[in-house]
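Novice: Here is how the chains run, residue by residue.
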Amino acid sequence: MNVKFINPFLEGTTNVLKTMAFVEPRAGKPYLKMDNLAKGDISGIIGLTGSATGSLALSFSEGAILKIVSNMLGENIKSLNSDIKDAVGEITNMISGVARKNLEAEGFYIQAAIPTVVSGKNHSISHVMGGPSLIIPFEIDEGTFVVDVCLSE
Amino acid sequence: MNEKNIKVLIVDDFATMRKVVRNLLKQVGYEDIVEAEDGVMALKALKSQKIDVIVSDWNMPNMTGLELLKAVRADEELAKTPFLMVTAEALQDNVVAAVKAGVNNYIVKPFTAEVLNDKIKKIMESINK
Chain A
1 MNVKFINPFL EGTTNVLKTM AFVEPRAGKP YLKMDNLAKG DISGIIGLTG SATGSLALSF
61 SEGAILKIVS NMLGENIKSL NSDIKDAVGE ITNMISGVAR KNLEAEGFYI QAAIPTVVSG
121 KNHSISHVMG GPSLIIPFEI DEGTFVVDVC LSE
Chain B
1001 MNEKNIKVLI VDDFATMRKV VRNLLKQVGY EDIVEAEDGV MALKALKSQK IDVIVSDWNM
1061 PNMTGLELLK AVRADEELAK TPFLMVTAEA LQDNVVAAVK AGVNNYIVKP FTAEVLNDKI
1121 KKIMESINK
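Residue numbers (my numbering), protein chains in the order written: chain A, 1 to 153; chain B, 1001 to 1129.
Among the clues, some could well be false.
[What the hints assert, rightly or not] In the EDC-like style, the derived pairs of lysine to aspartate or glutamate whose C-alpha atoms are separated by at most 16 Å in a straight line are:
no.: 1; chain 1: B; residue 1: K1080; chain 2: B; residue 2: D1052
no.: 2; chain 1: A; residue 1: K85; chain 2: B; residue 2: D1038
no.: 3; chain 1: B; residue 1: K1050; chain 2: B; residue 2: D1093
no.: 4; chain 1: B; residue 1: K1050; chain 2: B; residue 2: E1089
no.: 5; chain 1: B; residue 1: K1050; chain 2: B; residue 2: E1035
no.: 6; chain 1: A; residue 1: K101; chain 2: B; residue 2: E1089
no.: 7; chain 1: A; residue 1: K4; chain 2: A; residue 2: E106
no.: 8; chain 1: A; residue 1: K101; chain 2: B; residue 2: D1093
no.: 9; chain 1: B; residue 1: K1007; chain 2: B; residue 2: E1035
no.: 10; chain 1: B; residue 1: K1004; chain 2: B; residue 2: D1075
no.: 11; chain 1: B; residue 1: K1026; chain 2: A; residue 2: E75
no.: 12; chain 1: A; residue 1: K18; chain 2: B; residue 2: E1114
no.: 13; chain 1: B; residue 1: K1047; chain 2: B; residue 2: D1093
no.: 14; chain 1: B; residue 1: K1004; chain 2: B; residue 2: E1037
no.: 15; chain 1: B; residue 1: K1070; chain 2: B; residue 2: E1114
[What the hints assert, rightly or not] Here are some chain A residues the structure puts well away from chain B; computed CB gaps all over 10 Å:
no.: 16; residue: I6
no.: 17; residue: L10
no.: 18; residue: S51
no.: 19; residue: E62
no.: 20; residue: F108
no.: 21; residue: T116
no.: 22; residue: S119
no.: 23; residue: G120
no.: 24; residue: E139
no.: 25; residue: G143
In short, the hints are calculated from the structure, not lab data.
C-beta: ideal position from N, C-alpha, C; glycine also.
Using the sequences and the hints given, assemble the complete structure.
Specialist: Dropping the structure here:
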């Protein structure tokens, strides 16, 4: 995994959540994940193709996503309902858009597919390319979430 | 023109995204907001009431934002309705196609309430000149 991939996704995630959900996520130290177990309760996954191919997943703990979507919608949401699922898809889409724009500066031109959303305790994330994925952990006061990206040049 | 007096039509197939845009508009003072879940419903809404500005997503099934824009511009009664296109990315080809079709402006996600308000105000100022 090319380390050039870290910053575009880190910056994209922070930018989208600050702008649309008014939260300031704190990023932790990136690491490699060897299994396909999701780190959160609900995940959005999007396929990426072009000068690098693979997939991006955003995996949120319940506490984190309830806060993020409540802020986005201006209403207090208390459970993982259909609004949350729609929003996870849209957040994944937006983060992929900003990250892909950032990756253009590194010389990577990448297109995205339509995101899918999976939820449930201990659900799995199957990346298109297989192999280890790069995890960028984030935290807000209400919970944690991760960017889980697996890209191959 | 005051935000309170501007009637906005939000067009997006995702109910959640319509809520997000509505929430942003409310934050900056817009009160008169209607929604449509696709281009066909948007055209119905435009025919049944006076809309001051359309804020439409680009990427929608059945009728895309670009197709809706073309349909609005081809309709004598609706042709002059201001149109703000919302896109997930500012792809040059898409922007050119939207400008050719007569879009007033476009906005790339993610965006703040202030940026959205600024885009709408600039459109309203330009058409009222």
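Novice: Determine for every hint whether it applies to the structure shown.
Specialist: Do the hints match the structure? See the list:
With a C-alpha separation of about 10 Å, the suggested pair K1080/B and D1052/B falls inside the 16 Å cut-off, and the hint holds. Distance hint between K85/A and D1038/B is unfulfilled; the C-alpha atoms sit about 19 Å from each other, more than 16 Å. At roughly 31 Å between alpha-carbon atoms, K1050/B and D1093/B are farther apart than 16 Å, so this suggested pair is violated. At roughly 30 Å between alpha-carbon atoms, K1050/B and E1089/B are farther apart than 16 Å, so this suggested pair is violated.
Taking the CA atoms of K1050/B and E1035/B, the gap is about 13 Å. The hint holds against a cut of 16 Å. Only pairs whose Cα atoms come within 16 Å are accepted, and K101/A paired with E1089/B is accepted, the gap being roughly 8 Å. About 7 Å separates the Cα atoms of K4/A and E106/A, which keeps this hinted pair within 16 Å; it holds. Our distance criterion of 16 Å between C-alpha atoms is met by K101/A and D1093/B, whose separation comes to about 15 Å.
For a cut-off of 16 Å, the pair hint linking K1007/B to E1035/B stands: about 11 Å separates their Cα positions. The straight-line distance between the Cα atoms of K1004/B and D1075/B is roughly 27 Å, outside the 16 Å bound, and the hint therefore fails. Proposed proximity of K1026/B and E75/A is supported: the alpha carbons are some 12 Å apart, at most 16 Å. Simply put, K18/A and E1114/B have alpha-carbon atoms about 14 Å apart, close enough for the 16 Å limit, and the pair holds.
Distance restraint check for K1047/B and D1093/B: the Cα-Cα separation of roughly 30 Å exceeds the 16 Å cut-off, and the hinted pair is therefore not satisfied. As the CA atoms of K1004/B and E1037/B are separated by approximately 23 Å, the hinted pair breaks the 16 Å bound. About 28 Å separates the Cα atoms of K1070/B and E1114/B, which puts this hinted pair outside 16 Å; it is violated. With a least beta-carbon separation of about 20 Å from chain B, I6/A lies farther than 10 Å from that chain, consistent with its non-interface assignment.
Non-interface status of L10/A relative to chain B is upheld: no Cβ of that chain comes within 10 Å, the nearest being about 15 Å off. Listed as a non-interface residue, S51/A keeps its Cβ farther than 10 Å from every Cβ of chain B; the least gap is roughly 16 Å. Once the 10 Å rule is applied to beta carbons, E62/A is consistent with being away from chain B; the minimum gap is 17 Å. The Cβ of F108/A lies farther than 10 Å from every Cβ of chain B, with a closest approach of about 14 Å, so its non-interface assignment holds.
Taking the minimum C-beta to C-beta distance to chain B, about 14 Å, the non-interface status of T116/A holds against the 10 Å cut. Annotated as non-interface, S119/A keeps its C-beta farther than 10 Å from every C-beta of chain B; the closest such distance is 15 Å. A cut-off of 10 Å between C-beta atoms confirms that G120/A is not in contact with chain B; the least separation is 20 Å. Every CB of chain B is more than 10 Å from the CB of E139/A (nearest about 20 Å), matching its label as outside the interface.
Every beta carbon of chain B lies more than 10 Å from that of G143/A, the smallest distance being close to 19 Å; the non-interface claim holds.
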